[in-house]
Amino acid sequence: MSQSKGRREYLKSIGAFAAGLAIGGLAGWFSKPQEIVEVSKPETPTIVKKKITWWTVVNEGKIVSGQLVGNSPDFENAVINEFTKQYPEIEVEVTMIPWGELFTKYVTAFEAGTGPDVFFIPTTWAPQFIYSGYCKSLEDFKNELDLNDFLPSALSAFSAEGQLYGIPLRVDTRLLNYNKRLLREAGYDRAPAYWPDEVLEWSKALTKEEIGQYGIGIVGKATDSLLYEFWLCWVFTNGGAILSKDNKECVLNSPEAIEALEFYCDLLNKYKVAPPGALDYDKTALRTMFIAEKIGMFSDGKFAIVDYAKKPDLEYGLDLIPGTKKIRSAVVLGGWAVAMNSNTRYPEEAWKFMKFVSEPRWMATWSLSVPARYSAASYAGYFDDFPSKITFEQSKYAKPLPMHPKTGKMIPVIVQGVSEAVGGKRSPSEAMEWITSEINELLKE
Amino acid sequence: MNIAILWGLRQIHKIVNSIFLYLIPTLALMLLLVAYPVFYELYISFTQRYLGVGYIYVGLKNYFSLFSSNLFWHSLRITATYAVGSVSLSFVWGLVLALLVNERVKARTLFRAILLLPWVIPPVAAALTFRWLLHERLGLVNYILMTLFGVPPVPWLSNETFAMITGIVANSWKIAPFGMVMILGALQSIPQELYEAAEVDGATSIHKFWYVTLPGCRGAMLTVLLMEIIWSFCSFTLLFALTEGGPLNATLILPIYIYRLSFQEFDFCLAAAASTVLLMIMSLWTALYLKYKEESTEHIGR
Numbered sequence: 348m349s350q351s352k353g354r355r356e357y358l359k360s361i362g363a364f365a366a367g368l369a370i371g372g373l374a375g376w377f378s379k380p381q382e383i384v385e386v387s388k389p390e391t392p393t394i395v396k397k398k399i400t401w402w403t404v405v406n407e408g409k410i411v412s413g414q415l416v417g418n419s420p421d422f423e424n425a426v427i428n429e430f431t432k433q434y435p436e437i438e439v440e441v442t443m444i445p446w447g448e449l450f451t452k453y454v455t456a457f458e459a460g461t462g463p464d465v466f467f468i469p470t471t472w473a474p475q476f477i478y479s480g481y482c483k484s485l486e487d488f489k490n491e492l493d494l495n496d497f498l499p500s501a502l503s504a505f506s507a508e509g510q511l512y513g514i515p516l517r518v519d520t521r522l523l524n525y526n527k528r529l530l531r532e533a534g535y536d537r538a539p540a541y542w543p544d545e546v547l548e549w550s551k552a553l554t555k556e557e558i559g560q561y562g563i564g565i566v567g568k569a570t571d572s573l574l575y576e577f578w579l580c581w582v583f584t585n586g587g588a589i590l591s592k593d594n595k596e597c598v599l600n601s602p603e604a605i606e607a608l609e610f611y612c613d614l615l616n617k618y619k620v621a622p623p624g625a626l627d628y629d630k631t632a633l634r635t636m637f638i639a640e641k642i643g644m645f646s647d648g649k650f651a652i653v654d655y656a657k658k659p660d661l662e663y664g665l666d667l668i669p670g671t672k673k674i675r676s677a678v679v680l681g682g683w684a685v686a687m688n689s690n691t692r693y694p695e696e697a698w699k700f701m702k703f704v705s706e707p708r709w710m711a712t713w714s715l716s717v718p719a720r721y722s723a724a725s726y727a728g729y730f731d732d733f734p735s736k737i738t739f740e741q742s743k744y745a746k747p748l749p750m751h752p753k754t755g756k757m758i759p760v761i762v763q764g765v766s767e768a769v770g771g772k773r774s775p776s777e778a779m780e781w782i783t784s785e786i787n788e789l790l791k792e
Numbered sequence: 035m036n037i038a039i040l041w042g043l044r045q046i047h048k049i050v051n052s053i054f055l056y057l058i059p060t061l062a063l064m065l066l067l068v069a070y071p072v073f074y075e076l077y078i079s080f081t082q083r084y085l086g087v088g089y090i091y092v093g094l095k096n097y098f099s100l101f102s103s104n105l106f107w108h109s110l111r112i113t114a115t116y117a118v119g120s121v122s123l124s125f126v127w128g129l130v131l132a133l134l135v136n137e138r139v140k141a142r143t144l145f146r147a148i149l150l151l152p153w154v155i156p157p158v159a160a161a162l163t164f165r166w167l168l169h170e171r172l173g174l175v176n177y178i179l180m181t182l183f184g185v186p187p188v189p190w191l192s193n194e195t196f197a198m199i200t201g202i203v204a205n206s207w208k209i210a211p212f213g214m215v216m217i218l219g220a221l222q223s224i225p226q227e228l229y230e231a232a233e234v235d236g237a238t239s240i241h242k243f244w245y246v247t248l249p250g251c252r253g254a255m256l257t258v259l260l261m262e263i264i265w266s267f268c269s270f271t272l273l274f275a276l277t278e279g280g281p282l283n284a285t286l287i288l289p290i291y292i293y294r295l296s297f298q299e300f301d302f303c304l305a306a307a308a309s310t311v312l313l314m315i316m317s318l319w320t321a322l323y324l325k326y327k328e329e330s331t332e333h334i335g336r
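Chain order of the listed sequences is E and C.
Position one of the first sequence corresponds to residue 348 (the working numbering), numbered consecutively onward.
Position one of the second sequence corresponds to residue 35 (the working numbering), numbered consecutively onward.
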């Protein structure tokens with residue numbers, strides 16, 4: 348008896364478990380795909396025919412010159428509401444993902460053959476995403492756009508083999524961020540404009556090791572963002588490059604490139620004007636030290652001012668990245684575009700949405716960065732504030748990363764070599780020779 | 035007709051009675067969540083991905099390129115160092131904690147709860163806290179060392195040796211409470227009579243620890259060792275959030291190497307091959323452990 352009761356109990360529990368699974372499965376079936384931040388749905392249009400999904404990054408919204416700027420849920424809602432008014436037959440489901448999770452989420456989804464119809468993509472990932480087949484070519488659609496209105500460098504960052512894969516929305520660049528108060532105390536009323544002379548002079552004057560204060564922040568951590576640091580900007584301003592013009596060989600072992608990396612490493616290891624521990628520092632770590640007024644200068648984007656606002660007495664200044672007498676400044680182009688999933692079921696609808704969000708009126712309010720269209724500048728006094736002006740100025744000197752099927756494999760090699768040079772494991776020339784030979788091997792494959 | 039129904043009912047009864055039916059839910063879940071990913075991973079480790087074509091069978095090519103990569107062997111060495119370091123430290127630390135909280139002291143439950151905290155703190159939160167405490171220029175640890183003892187800033191996370199030590203200490207701190215709980219359970223199951231008998235025979239505290247306590251905890255200790263080695267070999271989150279495998283690959287354990295291969299270099303096939311190697315190592319280790327455990331149980335049984 349007790350045995351049969353036990354069995355009944357067991358069967359019951361299996362039944363309950365199965366029911367649970369069924370309910371869970373059904374709930375999962377009907378629910379939306381995984382979402383990090385869900386934005387409330389736009390007003391439901393009367394006729395809903397096709398639903399497209401739109402993945403974007405979430406960051407802080409901000410009011411600049413009376414406008415809400417940034418990819419905040421409110422902003423997304425405003426855009427989507429307008430869109431569904433214009434196209435009632437298309438429903439847009441937006442998913443906003445924090446920056447730290449964006450890359451993994453994209454790659455996991457695209458590798459599984461799923462992912463959103465339309466997505467927001469930064470320049471850094473463009474080569475990998477395009478050559479991995481995640482992005483649909485926009486050749487059939489692009490004639491509907493006035494491509495002359497876009498910054499050419501932004502377009503080239505999302506073009507491969509003569510085809511366009513994304514509509515650039517905004518351009519981000521690094522800038523020289525400096526502490527006005529520390530510079531004033533050291534006797535300077537402007538930031539250094541040239542390396543090596545001025546950068547070294549300013550850095551020496553700003554360094555007070557006894558109180559843990561250093562002139563300039565040097566990044567040595569081997570992450571992708573190391574590509575945006577001073578060293579590569581200085582390679583460019585010295586006339587160097589990563590790849591030859593035909594993209595067939597690596598030229599980072601040129602005397603110009605080696606000289607730039609040498610100076611970058613010397614600031615830390617020889618002149619000791621940068622805080623020790625660089626191998627563990629990325630841009631964020633330096634930003635913390637800059638806010639704590641422990642470094643006088645470093646390289647960061649305009650978006651850093653959101654953090655500076657938390658310390659009102661911080662007197663920060665922004666200027667062009669120091670260059671040479673030949674080339675005033677240079678910087679690696681950053682920024683974002685909107686792209687279409689190569690597996691989308693609704694390319695026409697996706698394109699309509701892409702075209703809509705790339706209209707100048709949205710671009711002008713899109714973020715803390717510079718719009719990728721010239722005509723966006725005429726909207727709403729976007730360039731009134733100084734940080735935008737200087738970023739726009741800096742973007743004229745911006746170069747995108749090489750667009751090559753092997754860029755994804757090249758980046759870890761470059762950052763590893765540079766990190767080893769900063770850490771003193773290899774001399775700068777040895778590091779550049781090693782990077783060059785490794786990349787040339789990759790290019791031969 | 036009736037006979038047919040009766041026969042049918044009997045067959046249903048047989049099925050209901052069989053063990054297999056009870057295993058179906060678990061088996062289905064295991065197949066879905068364990069077997070499928072493992073076999074898929076094995077499959078893509080023998081392929082190469084070509085744009086527009088998909089996965090093409092290439093035999094052992096990925097394994098050859100993996101075994102000829104210096105970084106892979108470096109990563110394997112780093113993983114072994116990290117695992118052995120973490121397990122040794124956390125094992126001793128867990129044993130000491132278990133012996134301490136086994137004593138009859140006031141607020142014993144409170145102590146146990148506090149000592150369990152590292153186990154329940156999410157690894158990313160723990161890693162970020164460590165990062166702040168150990169920041170070379172702004173961290174509390176270096177500040178205290180400098181103001182109290184005049185020690186110059188220690189490069190906890192930017193020097194290759196220190197970063198490994200920091201990783202090992204952080205991981206041990208995180209997993210030691212598991213050892214504490216397991217060993218404490220074993221300690222409390224040792225009959226008091228054994229200690230009394232030992233005392234009658236004139237045993238000192240050291241003798242009692244060596245001849246009564248340690249043999250009494252043997253089973254629990256073996257389990258702790260096995261689990262901690264597996265966790266340390268396969269751990270990713272804590273060390274990734276702490277060092278990202280740096281500086282200069284000094285903490286590039288195999289799981290971080292696999293992550294880099296797939297999510298930085300987009301070489302999912304090579305990453306799958308590396309994952310298979312990790313799976314083999316872990317399977318071998320588990321098999322050895324199970325065999326040893328079986329033998330030791332037989333020994334105890336005799």
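Be a bit skeptical, because a hint or two may be false.
[Said to hold, decoys possible] Now the stretches of chain C that chain E is said to cover, found in silico as 3 or more residues with beta-carbon under 8 Å:
(1) 302-309
(2) 314-327
[Stated by the list, open to error] Far from chain C, by Cβ distances over 12 Å, these chain E residues were calculated:
(3) Y478
(4) E486
(5) D571
(6) D654
(7) E767
Hints were generated in silico from the structure; no laboratory data involved.
All C-beta atoms, glycine included, are put in the ideal place defined by N, C-alpha and C.
Verification of the supplied hints:
| no. | hint | verdict |
| --- | --- | --- |
| 1 | 302-309 | violated (count 1) |
| 2 | 314-327 | violated (count 0) |
| 3 | Y478 | violated, 7 Å |
| 4 | E486 | holds, 16 Å |
| 5 | D571 | violated, 8 Å |
| 6 | D654 | holds, 15 Å |
| 7 | E767 | violated, 6 Å |
In the structure shown, a violation is registered for the earlier hints numbered 1, 2, 3, 5 and 7, in ascending order.
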